[in-house]
Amino acid sequence: MHYNNRGELMNERAGLYVGIIAVLAFAVLALVIYSSIAIVGEYKASDYSSRMLEVKRVWQNARFVLDKTVSEALADYVIVRYSSTGSCSNNVNNAEAENRAKTYIENALSGISAELGTISCTLENFSYAIPAGLQPNQPRIEASVKCSLDTGELKIDYEKEAVFEKEVNVNTAAGCEVTVVDRQSNEIDITQSA
Amino acid sequence: MQRKGFMFTIDSLACVTIAIILIFLVPAVPRIKTSERSQYIFMEKIARDKGVVALYTNDLANDPTPNIVGATFVCKKYFKLEPNTTTTQTNVSRYNKCITTTVVS
Numbered sequence: 001m002h003y004n005n006r007g008e009l010m011n012e013r014a015g016l017y018v019g020i021i022a023v024l025a026f027a028v029l030a031l032v033i034y035s036s037i038a039i040v041g042e043y044k045a046s047d048y049s050s051r052m053l054e055v056k057r058v059w060q061n062a063r064f065v066l067d068k069t070v071s072e073a074l075a076d077y078v079i080v081r082y083s084s085t086g087s088c089s090n091n092v093n094n095a096e097a098e099n100r101a102k103t104y105i106e107n108a109l110s111g112i113s114a115e116l117g118t119i120s121c122t123l124e125n126f127s128y129a130i131p132a133g134l135q136p137n138q139p140r141i142e143a144s145v146k147c148s149l150d151t152g153e154l155k156i157d158y159e160k161e162a163v164f165e166k167e168v169n170v171n172t173a174a175g176c177e178v179t180v181v182d183r184q185s186n187e188i189d190i191t192q193s194a
Numbered sequence: 195m196q197r198k199g200f201m202f203t204i205d206s207l208a209c210v211t212i213a214i215i216l217i218f219l220v221p222a223v224p225r226i227k228t229s230e231r232s233q234y235i236f237m238e239k240i241a242r243d244k245g246v247v248a249l250y251t252n253d254l255a256n257d258p259t260p261n262i263v264g265a266t267f268v269c270k271k272y273f274k275l276e277p278n279t280t281t282t283q284t285n286v287s288r289y290n291k292c293i294t295t296t297v298v299s
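Chains as they are written, first to last, in my numbering: chain A, 1 to 194; chain B, 195 to 299.
Worth flagging that the hints you see were computed from the coordinates, not collected in a lab.
Just so you know, not all the hints are guaranteed correct.
Said to hold, decoys possible - DSBU-like cross-link-like pairs, simulated, lysine-lysine; straight-line CA separation at most 35 Å: (1) A:Lys56 x A:Lys155; (2) A:Lys44 x A:Lys102; (3) B:Lys274 x A:Lys56; (4) B:Lys271 x A:Lys56.
What the hints assert, rightly or not - Between beta-carbon pairs, the in silico distance windows are: (5) A:Glu42 x B:Ala213: 18 to 28 Å; (6) B:Arg231 x A:Ser110: 28 to 38 Å; (7) B:Asp205 x A:Phe26: 15 to 25 Å; (8) B:Ile262 x A:Glu42: 48 to 58 Å; (9) B:Tyr234 x A:Pro136: 25 to 35 Å; (10) A:Ile20 x B:Ile215: 47 to 57 Å; (11) B:Asn278 x A:Gln135: 21 to 31 Å.
Glycine is no exception: its CB is placed at the ideal position from the N, C-alpha and C atoms.
Same shape as in the complex, but just chain B (with noise of 0.2 Å):
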């Protein structure tokens, strides 16, 4: 009886087939992992930018931690000082700049 040689066979063909299925799907799981991080370290940038433009602007207002269900936010700390009419050193306050996100169904 006739053997072929392993290149005709389908043996051949699903290991390439694997090979290239592999060259692909490997390199996107962690990817795809990380895709909640990288969504976390993008909000984290917009609520520092947000927050530096109001130390510019003079905007000192508290953002209240958000209450929304399902959303996503992140806050930062910032601090100024409270009006003081005595002569002891004031104390620096925290005041929170945050953004939300929430997932539009």
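This is chain A alone, in the form it adopts within the complex (with noise of 0.2 Å):
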């Protein structure tokens, strides 16, 4: 222990524990600032993990309003067919019922971005064929769909691309009645008469 000039009683280690009080605050200070930076990181990777979330959701919807909408073109397809030419077939292999399929698709996806607004899906490719060793009533329909979310801040685009099985039966006892089966759930997805 010792006096300063003033006659002051002076700890030697004064120095020393000072240094520790602000080594600690300074420790404080760097824990809040990174407590806060933490926090908002936080809340942001939450919010665009939910965001994610949405659009696939809403793919995952559209997918199974598509499944619907090609066997209705389909559907609509042959009694149309009917109605101007008198044939109720079940051939659907031609360029009229791909772009039938193809509108409804289009139309169906602009109705669901309407409704949404802050999420639009967009058909991005598009393929109709009978695939090898199927009869013409047995189309495969793939399609690409993409949906996206685009807030200025963060924009985020899901795509991947549906396969819809159908095939197309018609009964003409009564006029044309004509059914579409999902080949891959073995469901009936309409039933339609002319």
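Starting from the two chains in their separate frames, assemble the complex, guided by the hints.
Below, the structure is given as structure tokens:
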């Protein structure tokens, strides 16, 4: 222990203790800053994650809608052709059936996008074919659908291909009754009569 | 008169005490404010999962907007095609899937 020039008793370790307090204060300050940044980062990550799942959810819903839409397109095509030509045929291996299916898909996606506003879905790629070994009434439709969200700060694109395999059957007993079956589930999607 | 060094005064003890309180309190304050948001995020996840399950179980029923005083609810929009007997394309129709929570006192 010693006295300073004013006669006050000085602790020789005062400098060490003050240094420790200073380090502790800086540590607290750094922790406060880090916590604030971490909270903001966590908040944003959680927000972005939620929006990504939302886009995926919309895509999943769109896929189910398009599954029915494709069947409706095929059924409408058969009935329209019967009305104009008198021929009730289950042959859908032609450009008119293909174009109708594609148009129906695009219209359905536009309808969904218009309702949601924030998320929009579009048809990116489309193919319509009768697979080798199958009949002209068993088309396979491949539609690549992309759903997007753009808030300015965050842009999310979710694109995936959906495959629809259908079978068109007709019953000419009373006019023209068309039934479209989903070959992937063996469920009847639609039955329609002229 | 003797004057004790800083470490031996009540000031230093108060300083350390304040520092320890800040260490625990400051990170907790933002989390208190975000707890309500966390609750909403949780409900939104449940509402989304409920809707997706409904898609796969073909449950296309519309959940009406909850009308319970004091309830918190989240609704998700879904889309379906209504049966159509014409040869023109059916417009997509919207239905909601909602979950509701109420605080039981």
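Hint-by-hint comparison with the structure:
| no. | hint | verdict |
| --- | --- | --- |
| 1 | A:Lys56 x A:Lys155 | holds (13 Å) |
| 2 | A:Lys44 x A:Lys102 | violated (38 Å) |
| 3 | B:Lys274 x A:Lys56 | holds (17 Å) |
| 4 | B:Lys271 x A:Lys56 | holds (13 Å) |
| 5 | A:Glu42 x B:Ala213: 18 to 28 Å | holds (24 Å) |
| 6 | B:Arg231 x A:Ser110: 28 to 38 Å | holds (33 Å) |
| 7 | B:Asp205 x A:Phe26: 15 to 25 Å | holds (18 Å) |
| 8 | B:Ile262 x A:Glu42: 48 to 58 Å | violated (32 Å) |
| 9 | B:Tyr234 x A:Pro136: 25 to 35 Å | violated (53 Å) |
| 10 | A:Ile20 x B:Ile215: 47 to 57 Å | violated (18 Å) |
| 11 | B:Asn278 x A:Gln135: 21 to 31 Å | holds (26 Å) |
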